[in-house]
Amino acid sequence: MSDATGRPFANTAERSLTDRAGEYLLQSWAVAAAEVQKLIHDPLELVTRAVQPVLWLMLFGEVMARVHGIAPGNLPYIDYLAAGILAQSALFVAIFYGIAAIWERDLGVLQRYLSSPAPRSALVLGKAVSAGVRALSQAVIVYALAILLGVGLSFNPLDMLGVAAVIVIGSALFSTLSLIIACIVKTRERFMGIGQVMTMPIFFASNAIYPVSLMPDWLKAAAHVNPLTYQVDALRSLMLKAATSEYGMAVDFAVLIATTAVLTAIAARMYPRLGY
Amino acid sequence: MDRAVSTTPAVVIKDLTRVFGDLTAVDHVSLDIGVGEIFGLIGPNGAGKSTLIRMLATLLPPTSGTASVAGFDIVKAPAAVRRHIGYVPQLLSADAALTGFENMLLSARLYGVPRAERRERITSALARMGLADSAHHLAGQYSGGMLRRLEIAQSLLHRPEVLILDEPTVGLDPTARDTVWERVLELRDRFQRTMIVTSHLMQEIEKFCDRIALIDRGRIVALGTAAELKAGLGPDATLDDVFIGLVTGRESEKEGSYRDVRRNRQALREHG
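Here the protein sequences line up with chains L and Y, keeping their order.
Take the first sequence: its position 45, counting from 1, is numbered 29 in our numbering, and each next residue is one higher.
Take the second sequence: its position 224, counting from 1, is numbered 255 in our numbering, and each next residue is one higher.
Where hints are given, some of them may not hold.
Claimed, not checked - In silico contact screen, one side only, chain Y against chain L (beta carbon under 7 Å); selected entries:
#1 L122
#2 A128
#3 R250
Said to hold, decoys possible - Heads up, simulated SDA-like pairs for lysine to any residue below, C-alpha to C-alpha not over 20 Å straight-line:
#4 K107/Y with P56/L
#5 K107/Y with K225/L
#6 K107/Y with P256/L
#7 K107/Y with R253/L
#8 K204/L with A128/Y
#9 K22/L with Q172/Y
#10 K22/L with S165/Y
#11 K107/Y with P103/L
#12 K225/L with L133/L
#13 K107/Y with R104/L
#14 K22/L with Y173/Y
#15 K22/L with H167/Y
#16 K107/Y with S105/L
#17 K22/L with A127/Y
#18 K170/L with S165/Y
#19 K225/L with P56/L
#20 K22/L with K107/Y
Calculated from the structure, these hints are not laboratory results.
On a predicted model such as this, the values are computed, not experimentally measured, just so you know.
Glycine included, each C-beta is placed from N, C-alpha and C at the ideal position.
Please work from the sequences and hints to get the whole structure.
Following this line, the structure appears as structure tokens:
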């Protein structure tokens, strides 16, 4: 793998496509693995993040469960809400990534990444995957809570694998969106304002806590172009025994994967500018 | 392979220019740096030193002009340049939330160091930088000197031909500064690496650099060995005298602390 001088990967042209693909994945993984190692050193963040889903499910959920007719069919509202809150906790984890990127820029860590030969999209993808790993820890908490609340969860291993996949892809999508915004606003102060302004509309203009069918028409239109809607739809049908997908799993996955790919391509172009 | 051999310079800079808004940070700089040379860049804050070396490290595209580093063009082949250089930025680039070893592992993977060699290279690089005992402590617990040595070790794992160090000794006490310089000299002597170093400390630049360029307002105003720069200023002249004599008043009044530098860079960032 190294040339006569002992330097690894001396020349791009000499390397085969498999070598390059392998290197790309290794570089993405390097970024994600570093984030995971940081979480292992200091897991307190995961505990404090658990407070929000607990409040939503145990306070908001318990009260709203007394209102009938929100969730479609015979689905108990707390079951309906559980999938929405899982998506919400993943969203909140992901949205924090832009500010982390600005923080890394201010420290200088960003220059370590950008001065390496790793393709920019590999760096972006690595960060995105690490957002997914963080969000998976939230899934464990939401599942534990859902069991306590008697939610009709599906424990079919394929369904659970599907839930994990949707969470990773959804977190990758929103963390990359967050990174793009960070590259535009460039300072932490401006990002904080925008992060807040952005998260709530994404959350409320989705089917996370109420069905799209209850919305006024203009909000319905917004919900239909909101990727979170498709993420929640997929999560709900995979996570619960009694729920079915409204848009179809193929549509949900296609929307999530395509949006993530487009955002990754945009972010890869913008990420180096964060360091200018 | 069209790679630099020892008869060609390690770095060739041609008319390199970078404009931020109405500020010309680097103004038509041309310069050759030879293989195995330790090249010092001095100049007041905001003179364009950091902008110049960030362009050489391909972190900032030039507005016009170009340069070749280790035989590759920074505009046409930035990824190839990055494979062949090591860059230690002025700001803290090691991750405080990771251990020294994990920081090294991150770099090794990003630079594609083969898996079979990774552990051994990391261990020996940490030992060479005097960090073997603290390899598994969080970098956040390191002293300033240890952090700098860790960052230098990180930037050397892939055996770069050109090493770019932006103020490697800023904020370090004299002992820590000497240790950093000892390692830098050893790298040059043992491995013929080319180094570009910026610093505000004239004594260390004078003592360790083969050649020096003084930059002011984005232009090279003096270039040569320390002796050449001091020639004509009298027998007791120091590099400080050269600096004061050539740098025009306005900028040098802003000469100062790390905080100034950060503010300048913040301003440049906003411009960009």
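A quick look at each hint next to the structure:
1. Annotation: interface hint on L122/Y holds; nearest CB of chain L at approximately 3 Å, less than 7 Å.
2. With 7 Å as the threshold, the beta carbon of A128/Y comes within range of chain L, its nearest partner Cβ sitting at about 4 Å, so the hint holds.
3. A least Cβ separation of about 21 Å between R250/Y and chain L goes past the 7 Å threshold, and the interface hint is therefore violated.
4. At most 20 Å may separate the alpha-carbon atoms for a hinted pair to count; K107/Y and P56/L exceed this at roughly 58 Å.
5. Proximity of K107/Y to K225/L is assessed by CA-CA distance (about 56 Å); at most 20 Å being required, the pair is judged violated.
6. For a cut-off of 20 Å, the pair hint linking K107/Y to P256/L stands: about 16 Å separates their Cα positions.
7. In summary, the hint linking K107/Y to R253/L is supported, as the alpha carbons are separated by about 16 Å, within the 20 Å threshold.
8. At most 20 Å may separate the alpha-carbon atoms for a hinted pair to count; K204/L and A128/Y exceed this at roughly 43 Å.
9. For the proposed pair K22/L and Q172/Y, the alpha carbon gap of about 14 Å is at most 20 Å, so the pair holds.
10. Distance check on the hinted pair: K22/L and S165/Y sit about 17 Å apart at the alpha-carbon level, within 20 Å; holds.
11. In summary, the hint linking K107/Y to P103/L is supported, as the alpha carbons are separated by about 15 Å, within the 20 Å threshold.
12. Of the supplied pair hints, the one linking K225/L and L133/L holds, its CA atoms being roughly 15 Å apart against a limit of 20 Å.
13. Between K107/Y and R104/L the CA atoms are separated by roughly 16 Å; this keeps the pair inside 20 Å, and the hint holds.
14. For the given pair, K22/L sits about 16 Å from Y173/Y by alpha-carbon distance, which is consistent with the 20 Å threshold.
15. Pair hint K22/L plus H167/Y holds up; C-alpha atoms about 13 Å apart against a cutoff of 20 Å.
16. Pair hint K107/Y plus S105/L holds up; C-alpha atoms about 19 Å apart against a cutoff of 20 Å.
17. Proposed proximity of K22/L and A127/Y is supported: the alpha carbons are some 9 Å apart, at most 20 Å.
18. Our distance criterion of 20 Å between C-alpha atoms is broken by K170/L and S165/Y, whose separation comes to about 35 Å.
19. For the given pair, K225/L sits about 14 Å from P56/L by alpha-carbon distance, which is consistent with the 20 Å threshold.
20. Taken as a hint, the K22/L and K107/Y pair is broken in the structure, with Cα atoms around 36 Å apart against an allowance of 20 Å.
Violation of the numbered hints given earlier is confined to hints 3, 4, 5, 8, 18, 20; the remaining hints are satisfied by the structure.
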